[in-house]
Structures are given as structure tokens and as C-alpha cells.
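With these hints in hand, go ahead and build the complete structure from the sequences.
As given, the protein sequences belong to chains A and B, one line each in that order. The first sequence begins at 1 in the working numbering and counts up by one. The second sequence begins at 196 in the working numbering and counts up by one.
Misleading hints may appear alongside valid ones.
Said to hold, decoys possible - According to the in silico footprint, chain B covers these stretches of chain A (three or more CB under 8 angstroms from chain B):
1) 43 to 51
2) 58 to 67
3) 70 to 80
4) 171 to 182
For the record, the hints were derived by calculation from the structure and aren't laboratory data. For every residue, glycine included, the Cβ atom is placed at its ideal position computed from N, Cα and C.
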Amino acid sequence: MSEIKTDLKETKKVHSLIVKSLLFEEADKAVEVPEIVKPLLQEFQEVIPDKLPDESPLMHDIQHKIDLILGASLLNLPHYRMRQKKKGDLKRKNRRIVEERDDSRELKSMRCPCFINTKDGRCVCVDNRIINKVINKIIVGYKFPIPRLDDMLDPLCGAAVFSKIELRSGYHQIQIRLKDKWKKTFKTKNGLCLV
Amino acid sequence: MSFELTNAPSTFMKMMNQVLRPFINKFVVVYFDDILVFSRSETNHIEHLRSALKVLLKNKLYMKLKCSLMTSKLFILGFVVELMELELTRRK
Chain A
1 MSEIKTDLKE
11 TKKVHSLIVK
21 SLLFEEADKA
31 VEVPEIVKPL
41 LQEFQEVIPD
51 KLPDESPLMH
61 DIQHKIDLIL
71 GASLLNLPHY
81 RMRQKKKGDL
91 KRKNRRIVEE
101 RDDSRELKSM
111 RCPCFINTKD
121 GRCVCVDNRI
131 INKVINKIIV
141 GYKFPIPRLD
151 DMLDPLCGAA
161 VFSKIELRSG
171 YHQIQIRLKD
181 KWKKTFKTKN
191 GLCLV
Chain B
196 MSFELTNAPS
206 TFMKMMNQVL
216 RPFINKFVVV
226 YFDDILVFSR
236 SETNHIEHLR
246 SALKVLLKNK
256 LYMKLKCSLM
266 TSKLFILGFV
276 VELMELELTR
286 RK
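Dropping the structure here:
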């Protein structure tokens with residue numbers, strides 16, 4: 001405290017820092033569920049699972065489509081080196097991967113290298129750097145204006161009670177159009193995989 | 196779909212708009228993966244929340260446990276939303 005006091009005598013900039021941290025605390029506190037909503041959450045417990053279900057997301061009417069620029073050449077990069085233990089993990093991880101591998105023998109593909117991310121080998125990752133640098137360059141980008149937030153908040157006028165619902169790993173809850181799935185193929189030591 | 200793909204945000208926004216279309220601007224505002232439900236009174240709010248959650252359940256969309264529910268003051272995307280007024284915070 002004495003240090004702060006001496007600092008305060010020298011400069012007043014310290015004030016602004018303190019105010020900001022309080023604001024953060026206030027924002028993080030707002031997760032307590034009021035009693036009235038609890039029965040409602042009980043009713044819709046399936047929407048708030050502890051763990052995301054293993055099944056793939058529902059096929060919505062809107063699916064993600066990947067259109068490639070005409071005449072662009074497809075990638076073909078070598079797979080990464082993987083430790084022996086992790087190789088086992090990859091095989092065990094998903095039988096579906098192995099099955100897909102056989103199907104995709106004739107499949108043309110992007111052939112991006114992949115690696116296993118977590119310690120227990122649960123998650124197979126395709127290298128994001130490659131996706132950002134290379135794949136996105138040969139995908140047709142459609143123009144999409146990001147909605148203006150201040151415009152969107154106008155209908156709130158007069159409202160007194162608010163709730164904020166955040167979707168869990170939102171983007172992973174959309175399917176890619178079936179005929180575009182091969183464009184997300186990646187390469188492992190055992191062959192090509194589709195997830 | 197992974198988020199780093201080109202066009203991913205636009206597809207996601209389209210999907211969210213389509214799913215929640217009947218409620219948008221009546222008692223729901225959608226901004227990518229954030230859904231803001233607003234109402235004038237608490238009794239209405241429960242009904243509104245119920246219909247929003249029903250739609251999420253029907254479309255198998257899952258939400259985070261950490262949500263602010265039924266508050267009179269809400270932090271959303273750098274804004275503070277309160278009764279009848281909107282103030283911009285410095286929070287990023």
C-alpha cells in the first residue's frame with residue numbers, strides 16, 4: 001500500500017488501471033444463475049452438456065461450402081514427423097478415420113500435414129498455419145459485411161431484463177457440404193484422413 | 196467446420212439468422228455465437244428464454260454453461276446494456 005501511496009503522489013495514472021480491473025471483475029461475476037431460471041435450465045439440460053456429444057452436428061439447410069478458384073493447383077505437402085506413441089493414439093482415436101482412408105485412396109485431396117494436439121491424443125489437428133497461408137488463398141472469398149453491433153442493439157430500447165447465451169465452440173456446430181468434404185482431407189503417416 | 200476457413204463467419208451468421216429468424220429483433224439479437232435475449236418484464240423473459248432454448252434444442256446447438264441469465268445489466272461485446280440506455284465501455 002505504501003508503494004501505491006508514493007506512486008500516487010508522483011503520478012495519477014495509477015487510478016485508471018484500478019478502475020479497469022474492477023470492471024473486469026464485475027463482468028466475470030455475472031455468471032450466477034438466478035433461482036427463477038433454474039427450473040428452465042433443468043428442463044433444457046440437453047442444450048448445456050458437460051461434454052459435446054461425439055456425433056457430427058445436424059445437417060442444417062445452410063452448410064458451409066468451399067469453392068476453389070478455377071485453375072488453382074491443389075496442395076501436396078509431406079506429413080509431419082510423429083512420435084511412436086502418438087501414432088498409436090491416432091490409430092486408436094477413431095476407427096472412422098481408418099475407414100475413410102480406404103475410401104479416399106482414389107480421392108484427390110489437399111494433403112495437409114496433421115498432428116495430434118493434446119497429451120492424451122484426443123484431438124487431431126490440421127496445421128492452422130497451412131490453412132491460413134495456403135488453402136485460404138485458393139478458396140473463393142465471398143463478400144460478407146460484418147453486421148454493425150450498434151445498429152443491432154437498437155431494438156433493445158425499453159427492455160429491462162437481459163440474457164446472454166453463448167454457443168459452445170460455435171463454428172464446429174456446422175457441417176461442411178458433403179461434396180466439399182474432401183477439401184478438408186489431411187495426411188498422416190497411415191494415409192489420407194477425413195474427419 | 197473449423198473457424199479458420201475463409202467464409203466461415205458468413206456461413207455461421209447465416210445459419211444463426213435462419214435458425215432464430217422468427218425471434219430476431221422481437222426479443223433476440225444475434226451476433227455470431229452470442230445470442231442476446233431481451234424483454235420488458237421478468238415473466239415475459241422466461242417465456243422468451245424458453246422459446247430460444249427450444250430452437251437451440253431442436254437444431255442441436257449447444258451452449259456454454261457460463262451465461263449471464265436474467266440480469267438488468269449486461270456486458271456484451273464491449274458494450275454495457277442497461278435499462279433504456281446503452282453505454283460504451285472501454286473494455287476490450
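Each hint, compared with the structure:
no.	hint	verdict
1	43 to 51	holds (count 6)
2	58 to 67	holds (count 8)
3	70 to 80	violated (count 0)
4	171 to 182	holds (count 6)
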